[in-house]
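Colleague: In order, the protein sequences belong to chains A and B. When you line the first sequence up against my numbering, it's residues 6 to 120, in that order. When you line the second sequence up against my numbering, it's residues 10 to 124, in that order.
Bear in mind the hints are in silico, worked out from the structure with no lab data behind them. C-beta atoms are modelled at their ideal positions from N, C-alpha and C, and glycine is treated no differently. There may be inaccurate statements among the hints.
Unchecked claim - The calculated label-pair distances, taken between Cβ atoms and stated as ranges, are:
hint	chain 1	residue 1	chain 2	residue 2	range
1	B	G12	A	K21	32 to 38 angstroms
2	B	T122	A	T10	25 to 31 angstroms
3	B	S76	A	K21	47 to 53 angstroms
4	B	S16	A	S76	44 to 50 angstroms
5	B	S89	A	A12	33 to 39 angstroms
6	A	Q62	B	H50	29 to 35 angstroms
7	B	G108	A	E22	36 to 42 angstroms
8	A	N63	B	G49	25 to 31 angstroms
9	A	E20	B	S92	26 to 32 angstroms
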Amino acid sequence: AQKVTQAQTEISVVEKEDVTLDCVYETRDTTYYLFWYKQPPSGELVFLIRRNSFDEQNEISGRYSWNFQKSTSSFNFTITASQVVDSAVYFCALSGDNAGNMLTFGGGTRLMVKP
Amino acid sequence: DAGITQSPRHKVTETGTPVTLRCHQTENHRYMYWYRQDPGHGLRLIHYSYGVKDTDKGEVSDGYSVSRSKTEDFLLTLESATSSQTSVYFCATKDLAGGVFDEQFFGPGTRLTVL
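Put together the whole structure using the sequences plus the hints.
Modeller: Below is the structure:
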């Protein structure tokens with residue numbers, strides 16, 4: 006069985022602060038992928054990033070960066086210089102080597118960025 | 010954007026009535042999924058399909074059935090709705106161009122209330 010835990014249910018920051026969203030996962034698979042999705046107040050789910058289990062390089066995309074550490078089974082997401090538009094629920098998810106390669110989601114972290 | 014639509018977008022029904030939700034995609038993606046989203050649980054997989062007439066159960070399949078008679082349509086049926094099935098339902102599709110671990114694209118969601 007696979008499991009994803011996002012211990013932070015809600016985070017509130019002031020605009021321009023940096024914020025890190027934590028994601029810890031459990032899986033017995035050797036090959037797996039990790040994902041982050043964003044759900045803004047409008048409700049749709051937006052794909053942000055996919056990372057495979059063999060690639061531990063950090064990734065940066067504009068103000069977003071991701072830190073993948075297999076040693077601690079974590080895939081954390083950092084937003085630098087947060088903006089009000091970053092306010093959303095963020096989900097971490099795992100796809101293991103199972104039938105259908107199903108996604109297992111964490112419970113989500115609600116980020117509120119105040120002006 | 011995978012061109013996924015869901016209908017209806019909102020529905021209120023009574024306990025014991027049958028309900029069918031429809032997911033329609035225009036991208037010819039092979040895999041399709043139904044998830045439900047509940048506070049604190051993230052998204053949980055109900056059923057998925059890996060081809061026309063090929064379906065399998067997910068994590069929370071009790072009380073739900075699915076059908077896929079065409080590539081573009083994936084139907085979710087609640088045979089006899091219960092209040093515990095009040096939720097937001099998301100359909101997702103996956104192309105295999107990037108392999109079996111490709112990201113999933115999500116529809117806009119259907120908010121179902123069972124009174």
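Colleague: Determine for every hint whether it applies to the structure shown.
Modeller: So, going through the hints one by one against the coordinates:
no. : hint                               : result
1   : B:G12 x A:K21: 32 to 38 angstroms  : holds (37 angstroms)
2   : B:T122 x A:T10: 25 to 31 angstroms : holds (29 angstroms)
3   : B:S76 x A:K21: 47 to 53 angstroms  : holds (50 angstroms)
4   : B:S16 x A:S76: 44 to 50 angstroms  : holds (46 angstroms)
5   : B:S89 x A:A12: 33 to 39 angstroms  : holds (37 angstroms)
6   : A:Q62 x B:H50: 29 to 35 angstroms  : holds (31 angstroms)
7   : B:G108 x A:E22: 36 to 42 angstroms : holds (37 angstroms)
8   : A:N63 x B:G49: 25 to 31 angstroms  : holds (29 angstroms)
9   : A:E20 x B:S92: 26 to 32 angstroms  : violated (40 angstroms)
Against the hints set out earlier in the document, a violation occurs for number 9 only.
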